[in-house]
Amino acid sequence: MVVKIREDHQTINKAVYLALGVNSSGHKELLGLWISQNEGAKFWLSVLTELKNRGVEEIFIACVDGLTGF
6 MVVKIREDHQ
16 TINKAVYLAL
26 GVNSSGHKEL
36 LGLWISQNEG
46 AKFWLSVLTE
56 LKNRGVEEIF
66 IACVDGLTGF
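Count along the sequence shown starting at 1, add 5, and that's the number in this note's numbering.
Don't take every hint at face value.
What the hints assert, rightly or not - In silico BS3-like cross-links for lysine-lysine, where the CA-CA straight-line distance does not exceed 25 Å:
| hint | residue 1 | residue 2 |
| --- | --- | --- |
| 1 | Lys57 | Lys9 |
| 2 | Lys19 | Lys9 |
| 3 | Lys57 | Lys47 |
| 4 | Lys57 | Lys33 |
| 5 | Lys47 | Lys19 |
As the list claims (entries may be wrong) - FRET-style restraints, in silico, Cβ to Cβ:
| hint | residue 1 | residue 2 | range |
| --- | --- | --- | --- |
| 6 | Glu63 | Ile10 | 30 to 38 Å |
| 7 | Glu62 | Thr16 | 18 to 26 Å |
| 8 | Gly31 | Lys9 | 30 to 38 Å |
Calculated from the structure, these hints are not laboratory results.
Fair warning: this is a prediction, and the values are worked out from it, not measured in the lab.
Quick reminder that beta carbons are idealized off the backbone N, C-alpha and C, glycines included.
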């Protein structure tokens, strides 16, 4: 999802990335929202590291749009 963000007195487009999880009861949980100008391996490494540090133990399915190395 792309949103308009005001930064340094200018309006620019930035992407919002989100992570959804399904708990052991089958309920969906929003794990986080991240705003970034662009995505890449470093961005996703930071997201996955944050999720791991917050207690996510396993990722069974990841929907991505062709990011190399994911």
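Going through the numbered hints above, which ones does this structure break? Give me the numbers in ascending order. 1 and 7
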